[in-house]
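So the protein sequences, as listed, match chains S and W.
Using our numbering, the first residue of the first sequence is number 1, and each one after it goes up by one.
Using our numbering, the first residue of the second sequence is number 494, and each one after it goes up by one.
Treat the hints with care, as some may be off.
What the hints assert, rightly or not - For each label pair, taking beta carbons as the anchor points, the in silico distance ranges come out as: (1) W:Phe673 - S:Ala174: 30 to 38 Å; (2) S:Ala52 - W:Leu712: 52 to 60 Å; (3) W:Pro591 - S:Val203: 39 to 47 Å.
Derived from the structure by calculation, the hints contain no laboratory data.
None of the values given here were measured: they were computed from a predicted structure.
C-beta: ideal position from N, C-alpha, C; glycine also.
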Amino acid sequence: MNNFCKTRLKFLPILIFLFLAGSLMAQTAEDTAEVLTEADTAEMEPQLPPPAPAKIDSVKDTPNDRGHSIDLWWSLSPDDDGTGNYVTGYEIWRFEKTETGEMDSVRRKSVPYAVGYFTDRGDKDNGQDPLPNGKDYWYRIRTIVSKTVYSDSEKFGPVQAEGQWYHTGKTPLAVAVLLFSTFTVAFIVIAGGSFDFKPFIIVPIISVTFIWIREIVLLLISGSFSFQTFILAVPFSAVGSLGLFIIAGGIGYPIGRYIHKQKGGKVDLYVRPLSGINAVDEAIGRATEMGKPILYVLGLGTAADIATICSFTVLGRVAKKVAEHQSSLIVPCYDPIVMTVAQEVVKNAYAEAGRPDTYDDDMVFFVTQSQFAYVAAVNGMMLRQLPASNFYLGLFYAESLLLAETGSLAGSIQIAGTDQVAQLPFFIVACDYTLIGEELYAASAYLSKEPILLGSLKAEDWGKSIFIFLAIVGVIAATFGWQNFIDWLAIRL
Amino acid sequence: MKTGRLVSIAIFILVIAAFLFSWWRSDWSKSGLLVTTGAFLTLFILSFLYKDNPYYKFAEHLFVGVSAAYWMMMSFWNIMVPNLVAKLYPSLVGGALPALADKPPDYLFFIPMVLGIMLLMRLSPKGGWISRWALAFIVGTTAGLNLIRYLRSDFIRQIDNTMIPLVAQTDAGISFWGSFSNIVIFIGVLCGLIYFFFSKEHKGLFGGAARLGIWILMLTFGAGFGYTVMARISLLAGRMSYLFGDWLRLINQ
Numbered sequence: 001m002n003n004f005c006k007t008r009l010k011f012l013p014i015l016i017f018l019f020l021a022g023s024l025m026a027q028t029a030e031d032t033a034e035v036l037t038e039a040d041t042a043e044m045e046p047q048l049p050p051p052a053p054a055k056i057d058s059v060k061d062t063p064n065d066r067g068h069s070i071d072l073w074w075s076l077s078p079d080d081d082g083t084g085n086y087v088t089g090y091e092i093w094r095f096e097k098t099e100t101g102e103m104d105s106v107r108r109k110s111v112p113y114a115v116g117y118f119t120d121r122g123d124k125d126n127g128q129d130p131l132p133n134g135k136d137y138w139y140r141i142r143t144i145v146s147k148t149v150y151s152d153s154e155k156f157g158p159v160q161a162e163g164q165w166y167h168t169g170k171t172p173l174a175v176a177v178l179l180f181s182t183f184t185v186a187f188i189v190i191a192g193g194s195f196d197f198k199p200f201i202i203v204p205i206i207s208v209t210f211i212w213i214r215e216i217v218l219l220l221i222s223g224s225f226s227f228q229t230f231i232l233a234v235p236f237s238a239v240g241s242l243g244l245f246i247i248a249g250g251i252g253y254p255i256g257r258y259i260h261k262q263k264g265g266k267v268d269l270y271v272r273p274l275s276g277i278n279a280v281d282e283a284i285g286r287a288t289e290m291g292k293p294i295l296y297v298l299g300l301g302t303a304a305d306i307a308t309i310c311s312f313t314v315l316g317r318v319a320k321k322v323a324e325h326q327s328s329l330i331v332p333c334y335d336p337i338v339m340t341v342a343q344e345v346v347k348n349a350y351a352e353a354g355r356p357d358t359y360d361d362d363m364v365f366f367v368t369q370s371q372f373a374y375v376a377a378v379n380g381m382m383l384r385q386l387p388a389s390n391f392y393l394g395l396f397y398a399e400s401l402l403l404a405e406t407g408s409l410a411g412s413i414q415i416a417g418t419d420q421v422a423q424l425p426f427f428i429v430a431c432d433y434t435l436i437g438e439e440l441y442a443a444s445a446y447l448s449k450e451p452i453l454l455g456s457l458k459a460e461d462w463g464k465s466i467f468i469f470l471a472i473v474g475v476i477a478a479t480f481g482w483q484n485f486i487d488w489l490a491i492r493l
Numbered sequence: 494m495k496t497g498r499l500v501s502i503a504i505f506i507l508v509i510a511a512f513l514f515s516w517w518r519s520d521w522s523k524s525g526l527l528v529t530t531g532a533f534l535t536l537f538i539l540s541f542l543y544k545d546n547p548y549y550k551f552a553e554h555l556f557v558g559v560s561a562a563y564w565m566m567m568s569f570w571n572i573m574v575p576n577l578v579a580k581l582y583p584s585l586v587g588g589a590l591p592a593l594a595d596k597p598p599d600y601l602f603f604i605p606m607v608l609g610i611m612l613l614m615r616l617s618p619k620g621g622w623i624s625r626w627a628l629a630f631i632v633g634t635t636a637g638l639n640l641i642r643y644l645r646s647d648f649i650r651q652i653d654n655t656m657i658p659l660v661a662q663t664d665a666g667i668s669f670w671g672s673f674s675n676i677v678i679f680i681g682v683l684c685g686l687i688y689f690f691f692s693k694e695h696k697g698l699f700g701g702a703a704r705l706g707i708w709i710l711m712l713t714f715g716a717g718f719g720y721t722v723m724a725r726i727s728l729l730a731g732r733m734s735y736l737f738g739d740w741l742r743l744i745n746q
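Here chain S stands alone, though its shape is the one from the complex (with noise of 0.2 Å):
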């Protein structure tokens, strides 16, 4: 054994000889390569003619932004194959004339081949990359061989970048919500609503007051002032309430009005039945019978998601019933912000109920802002506390199927609702009741009936009608080449 090992250790030196070895021919070859490769580059470069130059076609201020912004397009050079075996590129250049009268260029980016086109995006004057409004430009498209081989185009120019005040591009969308506003301006004084004019008076002041108030502050902290945005900071507040008083309320007010009056002022908007809610009092009813609390999840949503500010209104609704029953509510937060609007809303409903008294801020309190951690903490209160009923109304994610699991091996009678389409699986096979989207919405009109929640849910059904139409309409013109129609309707940002 021991003859063996020695042999072994004697062909270790010889191994290592030769993977050294190895591996300096390797280095050697390597370097050669390196060496014959330059040399050859050196001697190719020099018998590449120089290709054909890029012709620019457009030089000219990008539509629809704030400015500081130039599109060019260029025809692509006829040596350009797009292959990138001898054009591998275009470098954009662009001039401006100095104070002395001179022009200045500068390489504002490099594009490779078989691309035509780049937007040459600046700041303002005081930015880190400034491309001012107003200021003459010219560009010129560098067709690129190697570092040494290029053409260039013709300088094209001048050409300014500038802001403009409408996107022409957004229409549909301002169509949209001039209709939606209208719809549900109209329907809220339909059933009965008032609408309040004294926003569009107050508003303005108040951005007028605010803009004041900065150039105030900068005047005297940094000694710049705008003379400019001083004065136009009323007109243009003025104009702007102006047109938030058309689209919101100036086209649908008088239609609702008269439709109100016609109807004698007796309207009821019909809000067909919803299982979910119709639940409610049967869940609050249970918890008060067997003398158990009830969990109400908001949720992962902020205070300002669609889906937590509907389950705002419904916790209102519980709340308000639960301080009528005497029962009690646990209102775990995952949002600091929502914690505290629902610690209001909570306190109105038991204000409403006449119990201000039975109200305890420690009904809705904060728990942590780590999606499981807030699920684990959540479960356990869940098997711990054993509530009769649990409501997860708002904005979920993964955590939608563990909540809800766990509340049905508690033994919890369930109601969820989220507008989360991939969770809204996970609460229909694990709850008793699901609210499904939109329901999720209506929802709040249904409980309350309030004239403005009823009006925006008969909006959005005209909404709805609109959309079908439109599709409708949209399917018909795709299936016969209408395309005009669908790019009349699509948004370009």
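Fit chain W to the given chain S structure using the hints.
Same frame as chain S, but now just chain W:
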């Protein structure tokens, strides 16, 4: 001493012993301690499948406490410092965020600072009402902004995507399956929308379309359920891989 208590103590000692044994197997190394802790916390959380127990409670409270503290610090360093302190007084953050220290101050950020202070007024017993102004501003502004976003993504874009030819054409002529697919999409969208009409009773032809709509929705949810369950299985596989690979080293990764 009651039997239940004795059993609890015995289990506790067993868990501690198992923990120490696991750490000893990794030569008392730091990485070994981390892997063992991770594995035991995973098992504590999984013990919830049996029933609520002190080990689950321990893991839950640890998880909630650590995450709350972690997110508080994250919010402070990722939101408060760069978006407020660095904007109002850049030189103050020079030590922590030198890239922001050279920028000029932006005094417009006094407005969110004031709103933030107004929110904190909730802590004052008499000034709690002031926080409602800030809340109204946050909810109103973002809801208004969301209106445009939703109109664009859920209304205009959806109409745009529904505008498909019912007779799909390919280079070889009419595509049967392409046309079938387009017709299903078109009818599915229309009937799905009809289901979500709330101000009209679902009766007659309208009711029939709504019923078809809910069937289509349920089919979609079924497909979505299967798809997401598969994703969850992969998460479970990841955790099992951690337990049997990283911790017990029973499988090669």
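Cβ distance range 30 to 38 Å for Phe673 of chain W and Ala174 of chain S, holds or violated: Given range 30 to 38 Å: holds, Cβ gap about 37 Å.
Look at the Cβ atoms of Pro591 of chain W and Val203 of chain S and judge whether their distance stays inside 39 to 47 Å. Holds, at about 41 Å.
Between Ala52 of chain S and Leu712 of chain W, does the beta-carbon spacing fit 52 to 60 Å? holds, 58 Å
Consistency with the previously given hints is maintained throughout, with no hint failing.
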